[in-house]
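If you read the sequence shown in my numbering, its first letter stands for residue 1, the second for the next number, and so on.
Note that these hints are calculated values from the structure, not bench results.
Quick caveat: nothing in here was measured; it's all calculated off a predicted structure.
A couple of the hints might just be wrong.
Derived DEER-like restraints, expressed as beta-carbon distance ranges [as the list claims (entries may be wrong)]:
1) Thr26 to Thr2: 35 to 41 Å
2) Ser13 to Gly40: 50 to 56 Å
3) Val12 to Ser43: 54 to 60 Å
4) Ser6 to Tyr30: 35 to 41 Å
5) Leu4 to Asp27: 56 to 62 Å
6) Ile15 to Gln36: 40 to 46 Å
7) Asp27 to Ser6: 39 to 45 Å
Beta carbons: idealized from backbone N, C-alpha and C, even for Gly.
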Amino acid sequence: MTKLMSWFTDTVSFISGAMIRIFGATDDEYPATGIQPYSGDPSNEH
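Using the sequences provided together with the hints, build the complete structure.
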């Protein structure tokens, strides 16, 4: 019975952790990029 309760507790903890990760606030820390100027040469094919 103790093993069953332990398995159930671990399963609920795993699923709730996944739900929090999916639906929680983002923790992405991407740098602010803004507008990037074009510094290449135009193509002569067109």
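Which hints, by number, does the structure contradict? Hint check: 5, 7 fail, others pass.
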